[in-house]
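Novice: Each chain, letter by letter, is given below.
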Amino acid sequence: MLTPTYYLVLSALVFSIGAVGVLVRRNPLVMFMCVELMLNAVNLTFIGLAWGLNDIGGQVSVFFVMVVAAAEVVVGLAIVVAIMRRRDGATADDLSVLRG
Amino acid sequence: MTNFLVAAESSAELSFPVLTSLIVVPFLGAVLVALVPKARVEAHRLIALMASVITGALSVWVLLTFDRTDGGFQFRSDDPNVWIESLGIRWDLAVDGISLFLVVLTGFLFPLAIIGVKPEHSPKSYFAWIILLEAGVMGVFMSLDLFFFFVFFEVVLVPMYFLIGTWGHGNRIYAATKFFLFTMFGSALMMIGILAIVFFHESATGIVTFDVVALAEGQNWGVDAGRWIFLSFVLAFSVKVPVFPVHTWLPDAHTEAPTAGSVILAGVMLKLGTYGFFRFGLYLFPEAATWFAPVLMILGTVGILYGAAAATVQKDLKRLVAYSSVAHLGFIVLGTFAITTESLTGSVVQMVNHGLSTGALFFLVGWMYERRHTRQIAELGGLQKAAPVFAAMFTLVMLSSIGLPGLNGFVGEFLILLGAFVANPWIASVAATGVIFAAVYLLWAYQRVFHGKAEGDNATMEDLRPNELLVLFPMIVLIIFLGVYPKPMIERIEPSIEVLVAHIDANVDGWTEPTADVLVAEESHDEGEEEEEEGESE
Amino acid sequence: MVDFVYLVPLFPLLGFISLMLVGRRLGEPAAGYLATAACGGAFASTVVTFFGIRGLEEEERQVTKTLFNWVIAGDFGVDVAFLVDPLSVAMMLFVTGIGTLIHLYSVGYMHGDPNFSKFFIYLNMFVFSMLILVLGDNLLLTFLGWEGVGACSYFLVSFWFTEEKNAMAGKKAFVTNRVGDWGFMVATFLAFATIGSIDYLTINGTAAQLSTPVLAALILLLFVGVMGKSAQFPLYLWLPDAMAGPTPVSALIHAATMVTSGVYLLTRVNGLIYEALLHAQWVTNIIAWVGVGTAFFAATIAIAQTDIKKVLAYSTVSQLGYMVLAVGSGVFVAAIFHMITHAFFKALLFLGSGSVIHGMDDDQDMRRYGGLRKLMPITSATFIIGWLAIAGVPPFAGFWSKDEILLSAWDLGGLNGKLLWFFGLITALMTAFYMSRQVFMTFYGDYRFGDPDADEVDEAWAAYLAHAQDAKLEAGTAADDAIEAHTKAVAALETAREAYVDAQIELSQAADEEATVAAQKVVDAKSTAVDKAEAAEEKAQAARDEAGAVAKAASQADADARSEASRRVEPAPGEQLTAGAASEFVPAAVKQRAEHHPHESNWQMTTPLVVLAVLSIFGGLLNLPFTSDLHFLEHWLEPSIVFEHKFAASGLTKWILAIVSIVAGGIGIMGAVMIYLKHNADPKKIEKPILLDAWGYDRAVSAFMGGPGAKMFEGIAWLDANIVDGMVNGTGSFVRGSGSAVRRLQSGLVRSYALGITLGSVALLAWFLVRVAA
Amino acid sequence: MSLQLFSFLVAGVVVLTGSLGVVMAKHPVHAALFLIQTLFGVAVEFLVVEAHFLAAIQVIVYAGAIVILFLFVIMLLGVDNAEDLSVEPIIGQRPLAFVGGAAILGLLLAIINSAGITGVPGNVDAPGPTGEVLPNVNQLAESIFTEQVFAFEVTGILLTVAVVGAVVMARRIPGALQPLPDIPAISGFGFGSTGDTDTDGDADAAMAAGDEQGDDS
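Order-wise, the sequence lines are chains D, Z, E and A.
For the first sequence, counting from 1, position 51 maps to 51 in our numbering; every step adds exactly one.
For the second sequence, counting from 1, position 60 maps to 160 in our numbering; every step adds exactly one.
For the third sequence, counting from 1, position 448 maps to 1086 in our numbering; every step adds exactly one.
For the fourth sequence, counting from 1, position 16 maps to 1428 in our numbering; every step adds exactly one.
Be a bit skeptical, because a hint or two may be false.
[Claimed, not checked] Each computed DSS-like pair below joins lysine-lysine, with the alpha-carbon atoms no more than 25 Å apart:
| # | chain 1 | residue 1 | chain 2 | residue 2 |
| --- | --- | --- | --- | --- |
| 1 | E | K1316 | E | K1012 |
| 2 | E | K1190 | E | K1126 |
| 3 | Z | K553 | E | K803 |
| 4 | E | K1126 | E | K1177 |
| 5 | E | K1170 | E | K1126 |
| 6 | E | K1349 | Z | K415 |
| 7 | Z | K138 | Z | K218 |
| 8 | E | K803 | E | K1349 |
| 9 | E | K803 | Z | K485 |
| 10 | E | K1316 | E | K1326 |
| 11 | E | K1159 | E | K1170 |
| 12 | E | K803 | E | K948 |
| 13 | Z | K415 | E | K803 |
| 14 | Z | K553 | Z | K485 |
| 15 | Z | K587 | E | K703 |
| 16 | E | K756 | Z | K553 |
| 17 | Z | K485 | E | K756 |
Keep in mind that the hints were calculated from the coordinates and are not lab data.
Bound conformation, chain D alone (with noise of 0.2 Å):
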């Protein structure tokens, strides 16, 4: 029998991957990638809570979600192309104007 329970599992393994590889991955796009995953984690929790709470709160959630990561990427990735077009091939680790 299916429960939300297992949905709220796979979603904790989906995010703990996503954010280990955000910690571990270097190139950006790949990064990116991971908090992809993470959010996808997410929106399986409201899935799965959605479902067994009955309420469609939780789809209407997922919906904004999607939206805002939908603009995320889209920011984000101009900024890796600003970025990547003054210095080819950088890495997150390269970039660290921003040190105290």
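Position chains Z, E and A against the provided structure of chain D, taking the given hints into account.
Specialist: Only chains Z, E and A this time, still in chain D's reference frame:
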């Protein structure tokens, strides 16, 4: 003899919100100055002057219509405008005998500061800041709502910060930053204190209010909590006053500030702290105030002697005057926490008098700097020959600052020491030595600056100009008038002081006002009479 | 008629205000006359008031006239009110009377001063303040006048402010007085705290109810104020320096009126002091001993002073000590009596000295005076009257009052009283001595203003010796040169002779005629050269001898000068000190003085002298001791003074004491005659340098204030800048330091931040979990 | 095992392998492909609980638009060089990352375990206001356009702003491109540093260089 100052009408019949105007007029003036284009140089000054003169006139009107027999709050709207209902924050303004003269002093000094000194550059923002400052100061003196009090208390920092930082001399950024950080540090704790008493009051009565009167009458906090909260308030005010040892921002700020800034800083802004001691120290926390009174009396005395000693060896004339402020304000602190009717009255009188005499001194020093471009005492000398009127004015103001009887400075100082003596003879006797030191540092400075032979530029220094005399003249008149006939002022202050003392008496168990013994003279002296031993009176 | 008292301070006040407004326009001398008129008006009003008071019954002779409430707060209340009673009227009479005279005198004295009108502004203001001081019915109003006169004294002492010395003296006067004012203020507080009132009638009326410690504290604190104002040890320091002011100021403020206000104050609170006499005599003993100590101490210093005004200044300190002694003995009448007579003769002396200074081109050094009797007849005649008065010669004013004080000290009884009397007597002796010294040095002897004084003679001798030595050295050098030249000439002669001999040998060996002729020519030439060289040598020798002689003479002259200088003996006493051989070398200033012709002063200055001289002669009539009916002053003051003093000493004792004091005065005068008139002894034996230096006390105090005292203030300023402010700035640098430490965490690496976020959320999650589980 | 559960598990395996692939693929292109796999898996999971509309959106927006955008960027910039995953320049970053990830996982699981979801799982196609059962899309639409309409409008603005921002960011600035300042040193999260130690001087130089660059643009 004083009937000419009797209130013309009762304050209850007021329809015109005069106190609100005292804040709104300068505020609007500031906005107007900010809106006028930069190019119209003379307009800024004119608008600022108009706004401050109107404010001054209104404050004089408040003075004239003030009911001198009433010790309570006057001009208070019966139905204060509620601003944030759920938090009980109200636009609630009033004056009593304690704040009345500070309001009038503010209204009096600002026009003079605007007439007396022209900024060296960017007049537009200068005048805007100055009269914005006036609005803030007025707000502090009149707010009965702790929230608005705190807002105004913080608001005044910003204009002064910019006045010092932009139009100051030499090390101005350092001085401005120091000034700002010191006062912010103090008031941050006070904000916590304010919230604490509001919550205490709320948990006891279920009413959220920032009304000082309600809070003070309620006294809904425990003894220990009250003492701690009192300390948070005292710290904020001590920085502002300033009380030793948190005074070090003052010499820097005064020295580096532009002349008008120094005048206002010394004349009005320091009084924010001493006024706070009255309204939010003694009135709000009577128990804690009486408990801490000895410590604060000693700190006041230390301030008197310490400020005097430090002033003696200053090489910079303006810095010397600044340190003399530390000493004078020490007297006020001493008088405030001696908590006798005489000393409290004296403290209020001294607040006004210090504003007049030190304000005038800063004017004179500022004008001297304009002429000679130095404040170093060593580079001045023999100015009396070149500028006799200047020297005469300086002498008079200096003597007032020294506390010569017959001039205003003496009355406050005397009442403070008298009251303090009744409360604690030893502290008062030590504090009284301050009058010796005051003579030492001021006369010595005067001798080095004005006496002797003039050399170089000193020999050709310009005497006072007519507009400068115009600024000084009202101050001089008040200095003499309040010294010879202080009654009109004292009789308006005293009822409020009596109310305050009664309030303290009612709210503190086992405390009564220290009073003098009263002996009655016998009809005639009989030589053979047994000596009647009066109990040890000290 | 008592209401005329309002006019008394009003006149000088109006004078002050009108001079302030139009004084500069009035100019000289109108401004001076206006001021004099103002003071005279005050005097006239005082006289009217005097008769008004006299018209009252004796019991009603204490009238309080209230003007308005001054300072009222809480239980404290004080009015601007005048207490008109015999004491204040007596004081006012001589303040305004002498004040008027001195105003008139000043018109002459300040002639030509650029700040002529300003001087009279201050003078009128002073009179006003002094009258407030006298009239005040409470301690605070008296304090107003007290400080007012102090401020005027400050202005007037530093009147010629361009001189650093004058400015310094003015400041010193004010500050030293402030030390005393501290005592006055605290006494006022104590009076209020223990009595509840600070007006004199209440204080005197309730004195009996005060506990002894309070009483003692009250009196002694007031006495601290008195020490300042009335220049008692240890606060007398300012008075001698205050002589830097114009001389009329010294006469009015620093001799006749202001400095006596301390004594006046003590008399005002005589109820307190009387109580102390009864129950705490140690308190009055302190007062008496400070008084007599000051009198004695100042008299020793006055003996050695060379500045004419300094002598009078120390004399004033000494006389004030007498008055304080009288107060300490409880005989207030004697104190007031002496105050009045002293005001007469000391004002006279000061004005006289001012006249002398004026006539002597502002030179104040008595050693340069002498023989002025003939040049300044009025000044010297009046001055001599003043001298006789102060020296205690009967029947002049000073004798009667001083005698009464000595008697009152004796009358205290016991060893204490006798010791007080003894020191008072010695002081009287010294007073007679130093005043006689002053008179003899100034008015008797030869006129020697144009002669060099001792220092100048030394200077002249030094210049003379230096000159002789220069001459000797110069001649020596010249002689050496001549010797050298001669040596050279001798050498040249030798060479010439050798050449001649060689030429002759050449001639003798000549082979042929031609050679012989040539050689002969050479021989001839050499012979001429030898002749020339011989002549030159002779000339050089003559020059050498001559230079040698000159050098010898110069050397001799120098040696003579030295031996002369070493043999230079001090002139026998009375003999005119001259520069002798060095007279050519006296400084230019001496010559300048020699060209100066001393002159008698103008009428504005001499009139007050004459009036005061008359008063100094007859002042004693105020309170003659012979019968009770003659105690005019005592009877007059009775309503103001709590009790009547009855001398315990018998009539015989009084006579003996009077004779003893006359004898003491006589000894003093005779001593001065021997030394300064007859020159039987060397004055240097008496005028010790340490006395001239005022026992080094002033210098020690100055050194302390300039040394450790200033160091302490510097230390506090240092403390403020470094420790107190240092803590503040330390807090700032701590924040900055910790900030830059934490800054390292801000690596700029996105992944590091992400790790931080991760670990943070782990912690948050853990916290949630714990919260939920709990 | 119901079909529902079966579908969930299959899709779950797809999601997990996909996400692991994203993290472990050396090549960004591969990572992007793995991401598509994951997103499809997630779409299936949506379908399992009958979130039809969102599943469609998931495929269209995520797989269709976002990942393609990623691939475009990869191609456009030629940053498709493989990453050496055996090297970790920041000391301590990797172990701590794993610890943190594991901790998050453990804690989330613990929370899930303790939370105890109590609702009744079922069809979210609940009856509408009129009593009839509305399809998922209708419900969603009703919620979005009634209760959440303000948020919806705001998202519209957000997207517009994002597009404008992206254009501005990615716009080619006239003139020669300045290289980013060279940052020689990398230091970790307070766990030490690699390369030469960073000094204030370097940082200041870097800042100064940044300023210059800003001035030029």
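Novice: Is K1159 (chain E) within 25 Å of K1170 (chain E), Cα to Cα?
Specialist: 17 Å, holds
Novice: Is K1190 (chain E) within 25 Å of K1126 (chain E), Cα to Cα?
Specialist: 22 Å, holds
Novice: Taking only the CA atoms, is the gap from K1126 (chain E) to K1177 (chain E) under or equal to 25 Å?
Specialist: 12 Å, holds
Novice: Compare the distance between the alpha carbons of K1170 (chain E) and K1126 (chain E) with 25 Å, and conclude whether the hinted pair is satisfied.
Specialist: 14 Å, holds
Novice: Take the C-alpha atoms of K1316 (chain E) and K1326 (chain E), compute the straight-line distance between them, and say whether it is at most 25 Å.
Specialist: 20 Å, holds
Novice: Verify the proposed pairing of K587 (chain Z) with K703 (chain E), using a straight-line Cα cut of 25 Å.
Specialist: 19 Å, holds
Novice: Taking only the CA atoms, is the gap from K756 (chain E) to K553 (chain Z) under or equal to 25 Å?
Specialist: Since the Cα atoms of K756 (chain E) and K553 (chain Z) sit roughly 19 Å apart, the hinted pair holds (cutoff 25 Å).
Novice: Is the hinted pair K553 (chain Z) and K803 (chain E) satisfied, with a Cα-Cα distance of at most 25 Å?
Specialist: 11 Å, holds
Novice: Checking one constraint from the list: CA of K1316 (chain E) to CA of K1012 (chain E), max 25 Å. Satisfied?
Specialist: This hinted pair holds, its Cα atoms lying about 19 Å apart.
Novice: Are K1349 (chain E) and K415 (chain Z) close enough, with their CA atoms no more than 25 Å apart?
Specialist: Measuring from Cα to Cα gives roughly 15 Å; hence the hint holds.
Novice: Hint check: K803 (chain E) vs K485 (chain Z), CA-CA at most 25 Å. Holds or violated?
Specialist: 16 Å, holds
Novice: Given the hint that K553 (chain Z) pairs with K485 (chain Z), does the C-alpha gap stay at or below 25 Å?
Specialist: 8 Å, holds
When the structure is compared with the earlier hints, no violation turns up for any of them.
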